[in-house]
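Enquirer: Chains as they are written, first to last, in our numbering: chain A, 1 to 253; chain B, 1 to 216.
If you are wondering where the hints come from, they were derived from the structure by calculation, not from laboratory data. Just to be clear, a hint being listed does not mean it is correct.
Stated by the list, open to error - Part of the chain B face toward chain A, derived, beta carbon under 7 Å: (1) ALA8; (2) ALA11; (3) ILE56; (4) GLY116; (5) GLU119; (6) ALA120; (7) ILE123; (8) LEU124; (9) GLN139; (10) TYR215; (11) ARG216.
What the hints assert, rightly or not - Computed list of lysine-lysine pairs in DSS-like fashion (alpha-carbon distance at most 30 Å, straight line): (12) LYS128(B) to LYS84(A); (13) LYS90(A) to LYS210(B); (14) LYS210(B) to LYS12(A); (15) LYS16(B) to LYS123(A).
Ideal Cβ positions, reconstructed from N, Cα and C, are used throughout, including at glycine.
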Amino acid sequence: MEYLKVEHLNKKFGDLEVIKDISISVEQGEVVSIIGPSGSGKSTVLRCITMLEKINGGSLYILGEKVCADDKDAGKVVYSDKEKLKKIKKNFGLVFQQFHLFPHFTVLRNVTEAMIHVAGIPKEQAEKEAKEVLSKLGLAEKYDAYPYQLSGGQQQRVSIARALALKPKILFFDEPTSALDPELTVEVLKVIKDLAKQKMTMIIVTHEMEFARQLSDRIIFMEKGVIRQQGTPEELFENPDERVKEFIGKLTM
Amino acid sequence: MNFTVMLAQLAGGMVKSVEIFVLTLLFSLPLGLVIAFGRMTKNGLICNITKIYISIMRGTPLMLQLIVVYFAPYYVFGMRIGSAYRFIAVILAFSLNYAAYFAEIYRSGIQSMPVGQYEAAYILGFSKTQTFTRIIMPQVIKRILPPVTNETITLVKDTSLAFALAEVEMFTTAKQIAAKETTIMPLMVAGVFYFIFNYIVAWTMEYFEKRLDYYR
Ligand SMILES: Nc1ncnc2c1ncn2[C@@H]1O[C@H](COP(=O)(O)OP(=O)(O)O)[C@@H](O)[C@H]1O
Ligand SMILES: [Mg+2]
Chain A
1 MEYLKVEHLN
11 KKFGDLEVIK
21 DISISVEQGE
31 VVSIIGPSGS
41 GKSTVLRCIT
51 MLEKINGGSL
61 YILGEKVCAD
71 DKDAGKVVYS
81 DKEKLKKIKK
91 NFGLVFQQFH
101 LFPHFTVLRN
111 VTEAMIHVAG
121 IPKEQAEKEA
131 KEVLSKLGLA
141 EKYDAYPYQL
151 SGGQQQRVSI
161 ARALALKPKI
171 LFFDEPTSAL
181 DPELTVEVLK
191 VIKDLAKQKM
201 TMIIVTHEME
211 FARQLSDRII
221 FMEKGVIRQQ
231 GTPEELFENP
241 DERVKEFIGK
251 LTM
Chain B
1 MNFTVMLAQL
11 AGGMVKSVEI
21 FVLTLLFSLP
31 LGLVIAFGRM
41 TKNGLICNIT
51 KIYISIMRGT
61 PLMLQLIVVY
71 FAPYYVFGMR
81 IGSAYRFIAV
91 ILAFSLNYAA
101 YFAEIYRSGI
111 QSMPVGQYEA
121 AYILGFSKTQ
131 TFTRIIMPQV
141 IKRILPPVTN
151 ETITLVKDTS
161 LAFALAEVEM
171 FTTAKQIAAK
181 ETTIMPLMVA
191 GVFYFIFNYI
201 VAWTMEYFEK
211 RLDYYR
């Protein structure tokens with residue numbers, strides 16, 4: 001089943017056209033990485049898909065449900081009604097580069113708060129499930145810690161747990177390891193690899209080339225708001241476009 | 001007049017000061033939040049009205065505001081001003097004035113919150129109200145406690161301005177005794193009272209700050 005469909009996505013900030021006619025399709029269980037130079041629009045694409053930004057053109061479908069689409073009569077993009085968007089939103093999670101944990105909550109409450117007050121899971125059950133997710137991610141000792149007491153890698157794993165606890169069908173990652181030291185990067189990448197093994201559908205913006213190559217079913221290379229090249233890791237790494245080659249070269253030097 | 005009598009009279013004035021203090025906080029803290037929302041709304045008219053309100057409240061002397069509030073019913077509506085209104089006018093003027101200061105403190109606190117907190121809450125599916133009450137406000141309270149403490153301490157001293165409406169609080173009492181007995185002793189004692197009052201306020205606020213020290 002097609003989990004995500006983006007067609008002719010266009011996004012402007014004022015007069016600045018940041019995303020130009022991007023189309024992406026992701027099937028259930030697929031892992032897609034988005035790579036590309038800084039400022040090419042990778043975050044903006046994720047932010048548009050996850051409804052943090054309104055798009056200026058194109059259409060967006062998540063699990064076959066329409067988020068928004070170009071309306072010829074209105075001459076602009078029309079979004080589905082609030083209730084429907086709320087329902088669609090339950091299907092995905094987003095992991096931020098800077099974690100954005102809630103500093104005033106313990107690790108456990110960071111995970112349970114939305115389970116209880118958004119998903120409506122009873123508190124006891126939510127805590128039981130949250131502890132299961134946290135311990136799977138190696139955070140069994142940290143239920144009662146506050147975010148500031150954790151390393152960056154631990155914080156990012158909590159934020160992944162927070163997203164996973166709501167049982168999303170799709171997980172988006174925006175440079176999940178870019179704020180981390182190399183040795184902490186490894187523990188977060190391992191968590192994402194495990195998710196891939198469990199066939200979690202994921203779209204990951206990353207600069208970790210080796211990781212993207214091992215993990216992805218498909219890699220998308222973005223540049224200046226367009227998709228310059230996409231394909232399987234083999235296609236991309238063995239037969240790269242000249243710009244892709246240059247980019248990969250720079251990173252792996 | 002012996003010392004004990006003077007203390008008793010001052011204590012009577014002190015009760016009035018404490019009343020003004022407590023009632024002003026009671027009304028101005030929540031009213032400030034309403035004004036802060038008005039100031040931050042996208043509605044241009046409401047935003048501008050609150051802006052003007054805040055700048056008048058902060059830009060003119062509280063003593064003048066007391067007098068205006070006291071005489072407004074007479075000059076604006078032609079109503080007779082009863083003596084019961086005097087105390088109400090004091091509380092009204094103090095609350096309106098302090099609400100403007102608190103509004104700006106709230107606003108700066110709310111606007112200092114990183115966007116990421118809102119975005120994380122949005123992605124997790126929290127409603128706008130939930131985001132504000134569960135995620136934003138608890139953190140804002142921690143951030144604004146120090147400036148709120150400052151305002152509160154200023155309020156303790158400002159209660160003496162109620163004399164402008166002949167409301168007999170502690171400082172007025174001290175002045176009256178001082179004039180009658182030709183000694184500055186009562187004023188000194190009043191100073192000690194204010195100091196102790198503020199010491200208690202500062203101690204209480206510090207307690208709250210410590211309570212919120214469990215996270216960074
Ligand atoms: N909120 C915004 N307002 C204006 N310009 C923005 C905003 N967000 C991103 N941009 C611009 O859009 C372009 C793409 O940014 P971004 O999606 O963050 O790139 P990437 O994630 O690939 O580094 C950049 O030129 C950036 O300056
Ligand atoms: Mg980015």
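Enquirer: Now tell me if each hint is right for this structure.
Expert: Right, here's what the structure says about each hint:
| no. | hint | in the structure |
| --- | --- | --- |
| 1 | ALA8 | violated, 47 Å |
| 2 | ALA11 | violated, 41 Å |
| 3 | ILE56 | violated, 35 Å |
| 4 | GLY116 | holds, 4 Å |
| 5 | GLU119 | holds, 6 Å |
| 6 | ALA120 | holds, 4 Å |
| 7 | ILE123 | holds, 5 Å |
| 8 | LEU124 | holds, 4 Å |
| 9 | GLN139 | holds, 6 Å |
| 10 | TYR215 | holds, 5 Å |
| 11 | ARG216 | holds, 4 Å |
| 12 | LYS128(B) to LYS84(A) | holds, 17 Å |
| 13 | LYS90(A) to LYS210(B) | violated, 38 Å |
| 14 | LYS210(B) to LYS12(A) | violated, 46 Å |
| 15 | LYS16(B) to LYS123(A) | violated, 47 Å |
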